[in-house]
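K.L.:
The primary structure of each chain is shown beneath.
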Amino acid sequence: MPNPELLAILPQLASGSAHTHALGFRLESIEGQRVRMRVPYRPELVGDPASGVLSGGLVSTLLDHVGGMSVWLAMDQFQSIATLDMRVDYMRAASPGRDLLAEAECYQLNRTMAFVRAWAFEDSPDNPVAASQAAYIIHKPALRDGGSDQAQIQNQANA
Amino acid sequence: MTKPLLDHLPYARFLKLKTDVYGDEVTVVMPFSEHLIGNPMIPALHGGSTAALLELAAMAKVSHDYPRLRLPRPINVSIAYLRVGKASDVFARAHISKAGKKVAYVTASAWQESQDKPIATLTAHFQLDDTTGD
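These protein sequence lines are chains A and B, in that order. Residue 1 is where the first sequence starts when you use the UniProt record's numbering, and the numbers rise one by one after that. Residue 1 is where the second sequence starts when you use the UniProt record's numbering, and the numbers rise one by one after that.
Just so you know, the hints here were simulated from the structure itself, not pulled from any lab data. Just so it is clear, the structure is predicted and the values come from calculations on it, not from any experiment. Mixed in with the good hints, there may be bad ones.
With a cut-off of at most 20 Å between alpha-carbon atoms, the simulated EDC-like pairs for lysine to aspartate or glutamate come out as follows [to be verified]:
id : chain 1 : residue 1 : chain 2 : residue 2
1  : B       : 102       : A       : 89
2  : B       : 16        : A       : 48
3  : B       : 98        : B       : 24
4  : B       : 3         : B       : 65
5  : B       : 86        : A       : 85
With beta-carbon atoms standing in for the labels, derived distance ranges [what the hints assert, rightly or not]:
id : chain 1 : residue 1 : chain 2 : residue 2 : range
6  : B       : 99        : A       : 110       : 31 to 41 Å
7  : A       : 44        : B       : 3         : 12 to 22 Å
8  : B       : 3         : A       : 32        : 44 to 54 Å
Which chain B residues stay away from chain A? Per the calculated CB distances, all over 12 Å, these [claimed, not checked]:
id : residue
9  : 24
10 : 89
11 : 91
12 : 100
13 : 113
14 : 115
Glycine included, C-beta positions come from ideal geometry on N, C-alpha and C.
Whenever a hint applies, use it, and build me the whole structure from the sequences.
P.N.:
Rendered as structure tokens:
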């Protein structure tokens, strides 16, 4: 089971910044080392007005963000991290009118770096809209108290 | 002159992107806006907003050079984050390094104070053959 203090702040880490709030990101579920997020479909987030398909830029943002969430889950605590790089493959167009989900797993972690794979989909990661591979830098040593302090969260989330 | 591609795309409008075209040079500006902030304390832009700007700037460049495409479609994109995006405007410009019959390889860079100090770079492949896929 994940650290309860981390579990308590994960929803805010998913949607608490101005950008993630504006996009409507939210935490969907946690299963083992995998974290899942949802972005509800909205016409403003569309990339192609002729088809109603969500923008690739939105998909990249969701994959980047859910990837960061998976790093915190793997560390079992909140720490300052930053995306170093990310590669996204677009397999197919997202289904118009449907919410987009994304799931990420941090499959390798050391003291300074975390390596993540993530998938964006409507129903199952087995049929992805897009898949990503990303590396994240871990900036600071662990917060011994678990990092539940609100100012810390605001300070370190989503840079 | 017709309206720039990005003016038609809802997500580009959500990011308030503006396109400036001078000859072959297509510059896309993402004016600073509170709703782009991912970290309120620094404050810093969300990396995803910069990634989206780069991807849309690359689309704008491919569309400019290949006007027959209704909408250029990325096959894959790779983003490197080089510096923190500060609470100010971001500029982006793309370059087509190689274009074959089916695929174009595009690089792009995003900057704030100086073009010599990019905050992020993109490399991407775009599909040039509009008839395949959907």
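K.L.:
Now tell me if each hint is right for this structure.
P.N.:
For each hint, the structure was consulted:
no. : hint                       : verdict
1   : B:102 <-> A:89             : holds, 17 Å
2   : B:16 <-> A:48              : holds, 16 Å
3   : B:98 <-> B:24              : holds, 15 Å
4   : B:3 <-> B:65               : holds, 15 Å
5   : B:86 <-> A:85              : holds, 18 Å
6   : B:99 <-> A:110: 31 to 41 Å : holds, 40 Å
7   : A:44 <-> B:3: 12 to 22 Å   : holds, 19 Å
8   : B:3 <-> A:32: 44 to 54 Å   : holds, 48 Å
9   : 24                         : holds, 23 Å
10  : 89                         : holds, 16 Å
11  : 91                         : holds, 16 Å
12  : 100                        : holds, 19 Å
13  : 113                        : holds, 18 Å
14  : 115                        : holds, 20 Å
Checked against the numbered hints listed earlier, the structure breaks none of them; every hint is satisfied.
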